[in-house]
Structures are given as C-alpha cells and as structure tokens.
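**Q** Sequence:
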Amino acid sequence: MADTTSDSTLDKLKVYAFPAVLGLLNLVLTNQIKDAATEIKETRKDIIELNSTVQVQKVVVDYLNQRVTNLETAKKEAGDTHAKMDGRLNSLEQRAAIYDEYMSSHKTK
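First residue of the sequence shown? That's 1 in the working numbering, and the numbers climb one at a time after it.
Treat the hints as calculated values from the structure; they're not laboratory data. Keep in mind that the hints are not guaranteed to be accurate.
To be verified - Result set (DSBU-like, lysine-lysine): computed pairs, CA atoms no more than 30 Å apart in a straight line: (1) 75 to 58; (2) 34 to 45; (3) 58 to 76.
To be verified - DEER-style ranges, computed between Cβ atoms: (4) 68 to 98: 43 to 51 Å; (5) 62 to 24: 56 to 64 Å; (6) 61 to 85: 29 to 37 Å; (7) 53 to 82: 37 to 45 Å; (8) 13 to 38: 34 to 42 Å; (9) 55 to 32: 32 to 40 Å; (10) 5 to 41: 47 to 55 Å; (11) 51 to 82: 45 to 53 Å; (12) 57 to 93: 45 to 53 Å; (13) 41 to 74: 44 to 52 Å.
All values derive from a computational prediction rather than experimental measurement. Here a beta-carbon is modelled for each residue, glycine too, at the ideal position from N, C-alpha and C.
Put together the whole structure using the sequences plus the hints.
**A** Here it is as structure tokens:
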C-alpha cells in the first residue's frame, strides 16, 4: 500500500509541478527574448544615428574639399593678377622715371 500512496503522490506532483516548471521556464525565456529585442532596437537606432552622422560628415568633408579647391584656384588667379599689376606698375614707374629724366635734362632756362 505504501508503494501505491507514493506512486499517487508522485503522479500528483508530476501533474502540478510539470506545468508550473514549464510556466516558469516560459516566463524566463519570454523575459530574455524581450530584453534581446529591446537591445536590438536600441542597437538599430544607434546604427541609424551613426549612419546619419557619417553621411553628414561626408557632406561636410566634400564641401570643405571643394572650398579648398576653389580657394587654391582663386589664389592662383590672384597671383597671376598681381604679377600683371606689378609688371604694369614697374613699366609705369620706368616710364615716369624716363620722363622725369628727360624733362630735367631739357629744362628751358
């Protein structure tokens, strides 16, 4: 009779304990899945933000490269213009010096 009572108690324990263990396992796994999903969403958000930042930085770098190129071109053009102006100024100074020398040597007394 003792065997039947222990078998009956064991069967009752199996009937109640097995679903309870499965329910507990279900809660633990569901919680882990929710945490993983939240982490994935946060990582996705961070990746999107980082991608946007990288794209903005790329546009800024492209703009700065174009600006440097434009400034180098303008510097070259300004150098050419200044060289031409210096040439003309030297030419005018030489003409004025020649004219002054001519005028001073041919003064009417």
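**Q** Measuring from beta carbon to beta carbon, are residue 62 and residue 24 in 56 to 64 Å?
**A** The hint (56 to 64 Å, Cβ to Cβ) holds, given that residue 62 and residue 24 are roughly 57 Å apart.
**Q** Return holds or violated for the Cβ distance of residue 13 and residue 38 against the range 34 to 42 Å.
**A** 37 Å, holds
**Q** Between residue 75 and residue 58, is the straight-line Cα distance small enough, at 30 Å or below?
**A** The hint holds at about 25 Å.
**Q** Quick check on a hinted range of 47 to 55 Å for residue 5 and residue 41, using CB atoms only.
**A** 54 Å, holds
**Q** Starting from the range 29 to 37 Å, see whether the pair residue 61 and residue 85 falls in it by beta-carbon distance.
**A** With a Cβ separation near 36 Å, residue 61 and residue 85 satisfy 29 to 37 Å, so the hint holds.
**Q** Take the C-beta atom of residue 55 and the C-beta atom of residue 32, compute their distance, and say whether it sits inside 32 to 40 Å.
**A** With Cβ atoms ~35 Å apart, the hint holds.
**Q** Taking 30 Å as the top limit, are the C-alpha atoms of residue 34 and residue 45 close enough?
**A** 16 Å, holds
**Q** If I claimed the Cβ atoms of residue 57 and residue 93 lie 45 to 53 Å apart, would that claim hold in this structure?
**A** 52 Å, holds
**Q** Lying within 45 to 53 Å: is that true of the beta-carbon distance residue 51 to residue 82?
**A** 46 Å, holds
**Q** Does the hinted range 37 to 45 Å hold for residue 53 and residue 82 at CB?
**A** Roughly 42 Å apart at Cβ, these two residues keep to the hinted range, so it holds.
**Q** Do the alpha carbons of residue 58 and residue 76 lie within 30 Å of each other, as the hint requires?
**A** Status holds; Cα separation ~27 Å.
**Q** Tell me if the beta carbons of residue 68 and residue 98 are separated by a distance inside 43 to 51 Å.
**A** Since residue 68 and residue 98 have Cβ atoms about 45 Å apart, the given range 43 to 51 Å holds.
Going through the hint list in order, the structure satisfies each hint without exception.
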